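Turn these sequences into a full structure, and let the hints steer you where they fit.
Respectively, the protein sequence lines represent chains C and L. Residues in the first sequence are numbered consecutively from 9, following the working numbering. Residues in the second sequence are numbered consecutively from 9, following the working numbering.
Calculated directly from the structure, the hints in this document are not laboratory data. Just so it is clear, the structure is predicted and the values come from calculations on it, not from any experiment. Wrong hints could be hidden among the right ones.
One copy or two, it doesn't matter: identical chains are merged, so the pair holds either way.
Derived pair list, reagent style SDA-like, types lysine to any residue, alpha-carbon separation capped at 25 angstroms [stated by the list, open to error]:
(1) Lys194 x Gln304
(2) Lys194 x Cys28
(3) Lys205 x Ile308
(4) Lys148 x Ile308
(5) Lys90 x Thr26
(6) Lys122 x Gln289
(7) Lys265 x Ile308
(8) Lys265 x Met305
(9) Lys90 x Glu190
(10) Lys92 x Gly188
(11) Lys90 x Ala66
(12) Lys205 x Asp234
(13) Lys194 x Glu23
(14) Lys205 x Glu291
(15) Lys194 x Met305
Protein chains: 2
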Amino acid sequence: MSLLVVGSIAFDSVETPTDCRENVIGGSATYCSYAASYFTPVNLVGVVGEDWPAEHTALLASRNVNTDGLEVKAGEKTFSWKGKYLPNMNDRETLEVNLNVFETFSPILPESYKSTPFVFLANGAPTVQLQVLEQVENPKLVVADTMDLWINIQKEDLLTLIKRIDGLVLNDSEAKLLTGEENLVKAGQAVLDLGAKFCVLKKGEHGAMYFGEDGCYVLPAYPTEDVLDPTGAGDSFAGGMMGYLASQDATDPASIKRALVYGTLVASYNVEDFSLDRMQQIERDSLDQRFAQYQQMLSID
Amino acid sequence: MSLLVVGSIAFDSVETPTDCRENVIGGSATYCSYAASYFTPVNLVGVVGEDWPAEHTALLASRNVNTDGLEVKAGEKTFSWKGKYLPNMNDRETLEVNLNVFETFSPILPESYKSTPFVFLANGAPTVQLQVLEQVENPKLVVADTMDLWINIQKEDLLTLIKRIDGLVLNDSEAKLLTGEENLVKAGQAVLDLGAKFCVLKKGEHGAMYFGEDGCYVLPAYPTEDVLDPTGAGDSFAGGMMGYLASQDATDPASIKRALVYGTLVASYNVEDFSLDRMQQIERDSLDQRFAQYQQMLSID
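In structure tokens, the structure reads:
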């Protein structure tokens, strides 16, 4: 089955304590699509300016990513973000944001996308995410990401969205902000009380927690020695998770758990280099090998 | 097999955002001994003042804890600590420390303790930990805990200690401080380079990481909704771990992994109430039940 991914496409400039990159390919939908492409064909929806290089589009298209839904706005510039990571490589400060074309992003789905059965609404304004929901026809599974900004400035729309989707993926700190609960188990449960069928809390280097009708569990991150750039870790996690579920045409608890593991592992590769660089070096086989190692790591005789 | 535990015994005063306790039973050796007592007999070494209630000693003795090594100093006062947890229940500030009898703690092992095969040197000055090591005869496994204070003021002695023990248990932030490595996988490996045969990094609510010749793995914490007081979580973790290993008379990798799980689970109960209150309500059966749930949580089909 195919996966629809709607979200930001960006130029990222990233500083870490030891290295930096200027204007590399980034954005939530970019990371997510690329990560999902190991598993399933992706229908991408996003917007860029005329400064977007054709090679970037070709890179996505060379994988399983359909770019028919990528709007190029003549005379305008692509969304750009600049950030700097602190020595712990988890905390970061945003140095510069230029929304550019993303400020007025109003996604119109190509006709051929409307019946895509699996839908991921990457981080973006809840009003825009709702606008996408209006256009999809009987999706089998809809999962959305969000961030602190929307919790602060579009909370009502976000609450409306949560009632209409199946799963919500968000950071631990965002879950606390959204629910007012400091304990993560309580925060995850509280997201379910808001109407989501399931919820995944991303804890960065500490892994992810799942909450659903079938219970709660925690999966640690894959221990990674060479973290060069954490940018896109959460988006590649979500992409791996959704791509796997779409590939299996499955939404049952056991498949979701395997999907969370695949998401964890795609993210563990993603952080090993800047931008999509590390992901470009691996194939599905690499993920399956790490899957076996991860399974072994968590098996208790 | 028996377990020798040497460390602090204290009166704790604890404030959390919702509750508080004054002068309750605490200290690293206390939590550790009680946690280990679910699994194996414990030989406790520590020092208290004449203000130490006989009921506290009786409580420990009522479990499998031999208190022959508990020195009571006439005319002196027991070590006391007062702390306050921030709303996230992970970070805390120390409000008051009165070392009292602990300041001159110079443990002399009763003759009957010297051949105890499993040894846990709970958090304390490396010089004192080394003094205990001088007194034990051919132990099968020696594991030590430490903290930032000793890394800062007794680093040379700590480095000497690390070369002479089998395992080192410490917090993630302490491992970074000790090794200068910000990445936890690198920090754990660096502890091995200092001479420890294995190393366990405690990450609080995010679980624990193991490093040894047989590799590295991460185990998440058991998801706990009702965290009333995190005091003693690390000590009860270490106690559960060491108690299980002593009970099995084992030091092989598979046993150490099960031991880390038992440590995780004892700690998950411990934080559900103040002081030893929650641990007093459970038995080994409760731990075995939670063990099965934890195993299930981490099994990936």
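Quick rundown of the hints versus the structure:
no.	hint	result
1	Lys194 x Gln304	between (29 angstroms within a copy, 21 angstroms between copies)
2	Lys194 x Cys28	between (38 angstroms within a copy, 21 angstroms between copies)
3	Lys205 x Ile308	between (30 angstroms within a copy, 21 angstroms between copies)
4	Lys148 x Ile308	between (35 angstroms within a copy, 24 angstroms between copies)
5	Lys90 x Thr26	within (16 angstroms within a copy, 40 angstroms between copies)
6	Lys122 x Gln289	neither (32 angstroms within a copy, 57 angstroms between copies)
7	Lys265 x Ile308	both (17 angstroms within a copy, 7 angstroms between copies)
8	Lys265 x Met305	both (16 angstroms within a copy, 10 angstroms between copies)
9	Lys90 x Glu190	between (30 angstroms within a copy, 23 angstroms between copies)
10	Lys92 x Gly188	between (28 angstroms within a copy, 21 angstroms between copies)
11	Lys90 x Ala66	within (24 angstroms within a copy, 62 angstroms between copies)
12	Lys205 x Asp234	between (35 angstroms within a copy, 23 angstroms between copies)
13	Lys194 x Glu23	between (35 angstroms within a copy, 21 angstroms between copies)
14	Lys205 x Glu291	neither (32 angstroms within a copy, 36 angstroms between copies)
15	Lys194 x Met305	between (27 angstroms within a copy, 18 angstroms between copies)
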